[in-house]
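Colleague: Spelled out, the chains give:
Number of protein chains: 2
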Amino acid sequence: MNRNTRTVLNDQEYPTASYLEETMDPDNWDALRQLAHRMVDDMLEYLEDARKVSHWKQIPAEAKSFFKRPIPRQPVAVEEVYQDFREFILPYPFGNTHPRFWGWVAGTGTPIGMLAEMLTAGMNTNNVGFEQIAFHVERQVIEWFKELLGFPASASGLLLSGSSMGNLIGLTVARNTQATTDLRRTGLQGEPAPLIFYASAETHSSVFKAIEFLGIGSAAVRVIPVTEQYRVDVDALRQAIQVDRTAGRTPGGVIGNAGTVNTGAIDPLEQLADLCRDEGLWLHVDGAFGALAALAHEFQHLVQGLERSDSIAFSLHKWMHMPYGLGCVLVRDEELHRNTFALTHDYTSRLGGGVASVHAEASDYGIELSRGFSALKAWMSLRAYGADTYGHMIAKNIHQARYLADLIESDRHLELLAPAELNIVCFRYNPGGMTDNQLNKLNENILIQLQERGIAVPSHTKLGDRLAIRIAITNHRTKQADLEAVIEGVLGIAGAAGTPDAKALE
Amino acid sequence: MNRNTRTVLNDQEYPTASYLEETMDPDNWDALRQLAHRMVDDMLEYLEDARKVSHWKQIPAEAKSFFKRPIPRQPVAVEEVYQDFREFILPYPFGNTHPRFWGWVAGTGTPIGMLAEMLTAGMNTNNVGFEQIAFHVERQVIEWFKELLGFPASASGLLLSGSSMGNLIGLTVARNTQATTDLRRTGLQGEPAPLIFYASAETHSSVFKAIEFLGIGSAAVRVIPVTEQYRVDVDALRQAIQVDRTAGRTPGGVIGNAGTVNTGAIDPLEQLADLCRDEGLWLHVDGAFGALAALAHEFQHLVQGLERSDSIAFSLHKWMHMPYGLGCVLVRDEELHRNTFALTHDYTSRLGGGVASVHAEASDYGIELSRGFSALKAWMSLRAYGADTYGHMIAKNIHQARYLADLIESDRHLELLAPAELNIVCFRYNPGGMTDNQLNKLNENILIQLQERGIAVPSHTKLGDRLAIRIAITNHRTKQADLEAVIEGVLGIAGAAGTPDAKALE
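Residue numbers (the numbering used here), protein chains in the order written: chain A, 1 to 506; chain B, 1 to 506.
The hints are simulated quantities; they were obtained by calculation from the structure and are not laboratory data.
From a predicted model like this one, the values you see are computed outputs, not experimental measurements.
Accuracy of the hints is not assured; some may be wrong.
Claimed, not checked - Stretch by stretch, here's where chain A covers chain B in the computed footprint (C-beta under 8 angstroms, at least three residues):
#1 15-25
#2 132-145
#3 179-192
#4 444-458
#5 472-480
A virtual CB, placed ideally from N, CA and C, is assigned to each residue, including glycine.
Just chain A, same shape as in the assembly (with noise of 0.2 angstroms):
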């Protein structure tokens, strides 16, 4: 104790409002530590039940209004805001967790990824990287998964909240690469002509956002046609590369699809590394959930040439299950990802010890500075599941869709209305003799029985002029059973409703 230091501390005074020694920490750790165990248990059991009890249900207009309230200013006992979270809002989930789910492309979640976010949240760390373990969980994670997609150890990564993040921060590394000036400074009405991006017209609607974001604009995509298996057209993309370059205009780079969302169709990916690498252009691949085939040994086949692009974007609470929301980027080339993000700022430069004794190394790989501990989710679940279960989960999968797939072709009343290569079916009902907007109608009249008499939740796409009712098997719940269900659920109505009547439906 410094005595000198004691005498100059008395006379400063502390000020004196009663909450000026209180925290956020509960008077009564062990009413707490009750109520805690109460939600796990409900949890587990919501889980172990998901079968009976996360299914979509339309919400309660007494749900909603439940939710248009005034700002509390004052504490309420937990207990009773769990109880509000037990009336109003467990029931009425999207519905992801159920076996029968298979709208949009959704994960189904796990009670291990589940207990992790709440291990995550205790130890709240904030994982901007430093001296703290953090950092080096996330790395491993990173490791992984470029041995998985066979990605080379040179290769660096980030973890993020999902593939539209993803697919955000690999464009961002393929603009400023290959911009003609140093983008970061001069942005691009520093360029001289410009700057143009090939995607397919299957493409997700996250890469023309980024596009947009980035300030490069919709006008520079070239949307290029797709062949009958929905895979971009090669020659058609070489012929608009060849027109911009005789144009004047810089070709950049070009978006490959491992899994379109319509239909999960593959671009040719090979091709496309080799067009991408004889062009000088970056391949960003968007694998959100397609890439993550590599892990089923059966049919890594069917992404192969993935492993050659310069970026992926792809999801992990999509087809790995973990908790929403969590991606992941991978990157060839650790110095061009870097060079596009790393600033330095004073108050979190590099000491000699301590904690800035490393640095702080994640925003060199993105746009976050804080952020959470998401890796922890990551490697608790692929330590604990193993990457082969997921191998067998994913294959499952596909498995399903081309079963499904063979229950709708051997339906005369069923039409399959694009190939089921990986894991989405997409078909309608077609008694015949109806015009293409007949059926649209009567389809989407199936498909909002099918989910609003609680029988499953398929979602739906247009593929041309037809609407289509759209699985998506990223559901590790799902089971055969599941499967006929679905499709006596499709006939059940269509049958019920009697011949359609034309006019009705228009």
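Once you have looked at the hints, place chain B on chain A.
Modeller: Structure of chain B alone, referenced to chain A:
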């Protein structure tokens, strides 16, 4: 049951691999329940003992090398994975849950936030919008923040990972709105004249990063000098705008700071709002932590004017202590916000009923389509603590910073290096007779010793040529004795070193 269907189904063969009827759910739910209870107990004990156990420490080589392992192919018992977490991860945090962590700007977390995160991950809903309760909860939270920060009812907002993303979103709306062309379509290369933004020299790196990200280029940011209080010099700003106008460039927007990261300085927001109104410029406020001073009744006046901004970004994992990563952006004009991001996709279009009877709204306000239900932790925390508790904890930290500044000013060997108006105190040990360079080395050493001896975790910054020990109090666990302890620590370390040898410090 449709008999016809049954017959058809029986004709198809479901594949036979052993994993085809397996899931990722545990075989033994009771064993997992037991482990889950242990985890809850351990983590609540960890938080209850935060003062004893959650401090930063250097990571032993053994722990680092544990995360350089080959990819696990086979499952590992989850109990073992948890044991590894306890041994190799939990002991080596950033340290921001500890009462004496004041480095950078980091929130402390709460046990209620931890439990909310578990509920979120168990429910694991994909909060993309559509007919599900999660988006109503998020809307409720956004409404509450609009009210707390004085934004009009017509404003819009979105939860995202933190203030870096919030700044990026706000500035994207600013860019697209202020452009003279259709920026989404033609990009920045379509702009006839450079679009210019203005920010003080004390502005956070994430703003400059966002400008680069958006393709505007750092050369298009005018870095405006600050006053002695580290606030933007409004006269210099006004002149810079005129220079750009005269030169034919397009002034686009001003970034104001509600709490700079170095010193907590708050730009004169009313003056900035007046200037932006007069000049037709967008005013974005980076309010990462400082904006939330609006919740503390006695300090609300410090950030007056922020309610007049066009957009504002702030974090909820900092001064609101919610689990990482969580932030929010508010935009005054909802239409401009949606115009920047809304994009329709066939596969998420609305239908006449079912899940898609409601628009998938979330992505209209930002980059993510799939996204987690982070609104739950915000909603539960705000209800369980009440806005006034947050106000008290924020006021407490401001009082504490001022008390700490008083302690520093009353010691002849300590030098306050910036006004401590908000929650940040920058100071150095200065016994007199040393150059800045010598003092910088001395104070770096003191800071490292504070951290490595486990006394406290301040961080550092450079103010001009002077290295400051920087204490940023966004910590609900900090008490009076902690502030006195760090001052004693500084004086003790400096005193033990004796009269510093100037040569040795060069």
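Colleague: Hint by hint, which ones does this structure get wrong, listed from lowest number up?
Modeller: Failing hints: none at all.
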